[in-house]
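So you can see what is in the structure, the chains are spelled out below.
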Amino acid sequence: MIHIESMTFGYGKRPLFEGLDLNLEPGTAYGLLGLNGAGKTSLLKLLAGALCPQSGTIRVFGEEPWRKKASFLADTIFVPEDPWVPAVKPSAWLDRYAVFRPAFDRERFAALSREFALEEDKLLTRYSYGQRKKFTLAAALASGARLILLDEPTNGLDIPSKSQFRRALAQSVDPNRIVIVSTHQVRDLERVIDPALIVHGGKILFRLGSDLMAERLGAAHVSELSPDVVYAEKDRVGYSALLELGHGTGADDVQAADLELVFNAAIASPDRLKTALSGAQLPPLDPADAAVREYGEKEEAQ
Amino acid sequence: MKMTKETLRKPFSAARVVLLAKNRALEDLPAFGIGAGILAGLNLLTIIATRRAMMNDSNGQSWAVIISIAGFFLAAAAFKGMHDGRAGTEWILLPATSLEKYTAALVFYAIIYPLVAAATATALSALLSLVELIAGGPGGRIWNPLSAGFDGWVNYATGALIFAAGSAAFRKRAFIKTVGVSVAYALACMGLLLAGMLLIRRVQGLPLSFTGSFQNEMSFSGNITPGAQRAMDVIEKIVRYALIPLFAIFYGYFRVAEKEARDEVQ
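In the order they appear, the protein sequences are chains A and B. The first sequence begins at 1 in the UniProt record's numbering and counts up by one. The second sequence begins at 1 in the UniProt record's numbering and counts up by one.
Read the hints as simulated data drawn from the structure, not as lab findings. Just so you know, nobody snuck in bad clues.
One side only, chain A facing chain B, incomplete, derived with CB under 8 Å: (1) G49; (2) A50; (3) C52; (4) S71; (5) L73; (6) F78; (7) P80; (8) D82; (9) W84; (10) R96; (11) P102.
None of the values given here were measured: they were computed from a predicted structure. A virtual CB, placed ideally from N, CA and C, is assigned to each residue, including glycine.
Use the sequences and the hints to build the structure in full.
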């Protein structure tokens, strides 16, 4: 398991995390969501051992990542958003780099390579960005590592590859493994990641499980702001609204809340979302409230 | 050499060092091959023009010089990947410790590379000598790597350690910067020595004259006693064979360890 306690980390004088606490269990694919600059990549690198916390502790399966023991590094794999590859062919990569990981599953790697249609006779440096991404994802999913950290894995993947990746990722989740996926493309992965961790202001602002979301939240297109609206995005003909369930919604055709809308609600109006998730009655919503946005309006990381 | 779960538990594994050194060899092989090919081509051209191989000269030390310079260039690029924003993360997270990665680089550039390069150069020298003979030249001159002497190879190894340390310290242009810093250190040391000698002369009431010969000043104008000379020889050997290599080894290692502890966000 992963245990983070009172962890502080930052660059220069700018703190990114202050007193962060987090516990993650195996057998789960966690989604890590946050605005640009919220610290998603840094958190993944801290867990991988590529960065060292300034204070507090991080333990991954009982090890402190920053110590970079070979056994820990072989049990962890981190795929950056823009992965580096050496100037070798895939077979040479297996002989030179995969050999450092005794649990690497060559058969699974071969199967994933076939599924991703990776060219065997081409230097990895000649691969396109998407191909490099697929290669490193295949290597990560076949690595046998108990901690798999993926930073924006679907960026650069074509549409068929995204569904192949989702399938492969779902197959890689087992009771001994923790998968953490940082992404802005929540719609690509919302059926695979559960729960979603929302990073904001140096903290884990929300830990949203699909069961809780299904029980308490719904989405609908509404023409007016009713009291059960948690968050709304105004468009030309009304509002795309995140609704609190269980308090008699006035909207017809309520659907399951999508993660992107929930994420936007978490950033724009965290208190309102917390209230909705707790099951309490929401206060009335004013059209000028922070929980009502123009469609496409963005917020920067704090 | 296969990694197992038992190997992984070891804090220092020779198996991982061997794998890392093998990877370095495979990475440097194309550059090594191209270099050897260019040398062979240039020598063949001089055989065609003059019936003599350019590098099979009378003392044959051109081979040693070329091997050393090429080795210094390779050593100066030993940790280039570590400083790269994207490759650096991969380098740091490769399942081996900082000490193993550093040891593999030192063993490769200070020991394995010169042995392989010397063997290749000897074979090339013999081949060129034969071609020379066939072309009607003198032939018969084959470079002997042992002719460089123990001192020659120790000097090379020390140089390789210094350039590897430079590669760990400098993100860009490590070769030039290492040369610059080494020259600056050497000049500073010479300056301090000279200042010390002048101070001793002043204390002893000797005239403060500098003859222009550093060696002459160092030996008190040739008036040094045999015992003092022996002591100076011992000090010089300690500095050359122990202090400088050890400084380079430890400095480079701590730079690598520091880099591993403070990777930059991508």
